[in-house]
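Taking my numbering, I'd label the letters of the sequence shown as residues 14 to 282.
Hints are not guaranteed to be accurate.
Said to hold, decoys possible - Pairwise CB distance ranges (calculated): (1) Asp278 with Val115: 18 to 28 Å; (2) Gly149 with Gln51: 33 to 43 Å; (3) Ser92 with Asp169: 39 to 49 Å; (4) Asp167 with Leu273: 14 to 24 Å.
FYI, nobody ran anything at the bench for these hints, they're computed from the structure.
Glycine residues also receive a C-beta, built at the ideal position from the N, C-alpha and C atoms.
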Amino acid sequence: MTVSPAATGFDADLALALRLADAADEQSLTRFDAADLQVSLKADRSHVTDADLATERAIREILTAERPDDGIFGEEFGSVGDTHRQWIIDPIDGTANFLRGVPLWGTMIALAVDGVPQVGVVSMPALDRRWWGAAGLGAWTATPDAPRRLSVSDVDSLDDASVSFQSIAQWADAGKLPELLAVAERVWRDRAYGDVFSYMLLAEGRIDMVAEFDVKEYDIAAAVPIVREAGGRMTSFDGAETLCALSALATNGTLHVPFLDLFRDVPRP
């Protein structure tokens, strides 16, 4: 997930993505912890709420009006249009948290050009937090005074690393429990912070690695420019530069190869 030399000039797209996040927050936050929240099961047995649907509709409405030539790929309503420039949307990442009243959820908005995410915005309105990044423009988070530029940690040893593994079930289902145990035995600290918040903690330099499985493009696309512009690296679990591998490994960059080597060296039963 690297940037080509020609990938410049995303100021207007980033400004639009931030406005899309404003529109998303208006939809999602008013439904958070609502007594009449409507919840149903999708075909894959995952949950969807009326807030997921309304939030994605609000984003799509603006994109259709202001970027009619761009494609859109969203979790709830699928893909339409060209894939050369494609907006990738997860209206509520962390729906399980959302429907239980846990504030660790957020909207993820990305613009990918030829499959590479170049603009990303993550908004977590229940925490009153937002992060954004774009190719050549850096990675940032909002503060009460002014935006603050993000930078990953300078931790350079696995022994000193703090990591988020997302969930034991993910690693078990992927057949990667030996790798998870190897990580836990090697690093300084392991926790399951979960969902998009983990990637934002990485971009802020608060943790040093995030890994997860069974992820779709909309689960990770918005995090890619933010992590990358903060100085980190994000690939699939085996190191491939793609959004489509159903896994993600994000690090502070310095520890990326050491983590890949650790995973490769784990004995298999």
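Quick rundown of the hints versus the structure:
{"no.": "1", "hint": "Asp278 with Val115: 18 to 28 Å", "result": "36 Å, violated"}
{"no.": "2", "hint": "Gly149 with Gln51: 33 to 43 Å", "result": "42 Å, holds"}
{"no.": "3", "hint": "Ser92 with Asp169: 39 to 49 Å", "result": "40 Å, holds"}
{"no.": "4", "hint": "Asp167 with Leu273: 14 to 24 Å", "result": "19 Å, holds"}
In this structure, only the earlier hint numbered 1 is contradicted, and the remaining ones agree with it.
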